[in-house]
Amino acid sequence: MEQGDINIGQVVKSTQGRDKGKFFIVLEKVDKEYVLIVDGDVRKTDKPKKKKLKHLVKLGIISAETKDRVINNKKVSNAFIRRELERLGVNA
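Each residue of the sequence shown is one higher than the last, beginning at 577 in my numbering.
A few of these clues could be false.
Unchecked claim - Quick list of in silico lysine-lysine cross-link-like pairs, DSS-like style, CA-CA up to 27 Å:
no.: 1; residue 1: K605; residue 2: K628
no.: 2; residue 1: K623; residue 2: K650
no.: 3; residue 1: K598; residue 2: K634
no.: 4; residue 1: K643; residue 2: K605
no.: 5; residue 1: K620; residue 2: K608
no.: 6; residue 1: K596; residue 2: K625
no.: 7; residue 1: K630; residue 2: K596
no.: 8; residue 1: K630; residue 2: K620
no.: 9; residue 1: K608; residue 2: K626
no.: 10; residue 1: K589; residue 2: K643
no.: 11; residue 1: K598; residue 2: K650
no.: 12; residue 1: K589; residue 2: K623
no.: 13; residue 1: K605; residue 2: K620
no.: 14; residue 1: K598; residue 2: K620
no.: 15; residue 1: K623; residue 2: K596
no.: 16; residue 1: K596; residue 2: K626
no.: 17; residue 1: K596; residue 2: K634
no.: 18; residue 1: K620; residue 2: K650
What the hints assert, rightly or not - Cβ pair distances, simulated, as ranges:
no.: 19; residue 1: I647; residue 2: E609; range: 17 to 23 Å
no.: 20; residue 1: R594; residue 2: I647; range: 29 to 35 Å
no.: 21; residue 1: N649; residue 2: R594; range: 28 to 34 Å
no.: 22; residue 1: R659; residue 2: K623; range: 15 to 21 Å
no.: 23; residue 1: G636; residue 2: K596; range: 16 to 22 Å
no.: 24; residue 1: K596; residue 2: N648; range: 31 to 37 Å
no.: 25; residue 1: K623; residue 2: E662; range: 18 to 24 Å
no.: 26; residue 1: R663; residue 2: N583; range: 17 to 23 Å
no.: 27; residue 1: R594; residue 2: D644; range: 28 to 34 Å
no.: 28; residue 1: A655; residue 2: K608; range: 27 to 33 Å
By construction, these hints were calculated from the structure, which means they are not laboratory data.
From the three backbone atoms N, C-alpha and C, an ideal C-beta is built for every residue, glycine too.
All chains, full assembly: derive it from the sequences and hints.
Here is the structure:
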């Protein structure tokens, strides 16, 4: 799967590390190899996880509201991230 086209607001699943199998939303692209991910629970918006792209699988889901908030420098709260993941059907 092509990992280079992961964007802000993309829902991803971790494939490596202690967070393996968990779902996150991409908050920021660091460079061509790393992104910052959050889930609003363990990985909060004030301390996102820096993760290699090769350790993530992107889902065909993008949170447009999250992307819009990040691009327009609006507040993205942990509760909002949790609600988005639940609304998108990836967290029970």
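Quick rundown of the hints versus the structure:
Taking the CA atoms of K605 and K628, the gap is about 10 Å. The hint holds against a cut of 27 Å. Distance restraint check for K623 and K650: the Cα-Cα separation of roughly 17 Å lies within the 27 Å cut-off, and the hinted pair is therefore satisfied. Restraint check for K598 and K634: satisfied, since their Cα atoms lie roughly 12 Å apart, inside the 27 Å limit. Restraint check for K643 and K605: satisfied, since their Cα atoms lie roughly 12 Å apart, inside the 27 Å limit.
Simply put, K620 and K608 have alpha-carbon atoms about 23 Å apart, close enough for the 27 Å limit, and the pair holds. With a C-alpha separation of about 13 Å, the suggested pairing of K596 with K625 holds against the 27 Å cut-off. A hinted pair counts as satisfied when its Cα atoms are at most 27 Å apart, and K630 with K596 qualifies at roughly 13 Å. A distance of roughly 22 Å separates the Cα atoms of K630 and K620; the hinted pair therefore holds under the 27 Å criterion.
With a C-alpha separation of about 12 Å, the suggested pairing of K608 with K626 holds against the 27 Å cut-off. Taking the CA atoms of K589 and K643, the gap is near 17 Å; set against the 27 Å cutoff, the hint holds. For a cut-off of 27 Å, the pair hint linking K598 to K650 stands: about 26 Å separates their Cα positions. Of the supplied pair hints, the one linking K589 and K623 holds, its CA atoms being roughly 18 Å apart against a limit of 27 Å.
In summary, the hint linking K605 to K620 is supported, as the alpha carbons are separated by about 16 Å, within the 27 Å threshold. Using a Cα cut-off of 27 Å, the hinted pair K598 and K620 holds, with the two alpha carbons roughly 14 Å apart. Distance check on the hinted pair: K623 and K596 sit about 18 Å apart at the alpha-carbon level, within 27 Å; holds. For the proposed pair K596 and K626, the alpha carbon gap of about 14 Å is at most 27 Å, so the pair holds.
With a C-alpha separation of about 13 Å, the suggested pair K596 and K634 falls inside the 27 Å cut-off, and the hint holds. A threshold of 27 Å between alpha carbons decides the hint, and for K620 with K650 the separation of about 16 Å falls inside it, so the pair holds. At roughly 22 Å, the beta carbons of I647 and E609 sit within the given window of 17 to 23 Å. Against the hinted window of 29 to 35 Å, the Cβ-Cβ separation of R594 and I647 comes to about 30 Å, which satisfies the hint.
As the Cβ distance of N649 to R594 is approximately 31 Å, the hint placing it in 28 to 34 Å holds. Taken as a hint, the range 15 to 21 Å holds for the pair R659 and K623, whose Cβ atoms sit roughly 19 Å apart. For the pair G636 and K596, the beta carbons lie near 20 Å from each other, so the given range of 16 to 22 Å is met. Against the hinted window of 31 to 37 Å, the Cβ-Cβ separation of K596 and N648 comes to about 33 Å, which satisfies the hint.
For K623 paired with E662, a C-beta distance near 21 Å keeps the hint of 18 to 24 Å intact. Between R663 and N583 the CB atoms are about 18 Å apart, so this pair conforms to the stated range of 17 to 23 Å. In this structure the supplied range 28 to 34 Å holds for R594 paired with D644, their Cβ-Cβ distance being about 31 Å. Between A655 and K608 the CB atoms are about 31 Å apart, so this pair conforms to the stated range of 27 to 33 Å.
Consistency note: the structure conflicts with none of the earlier hints.
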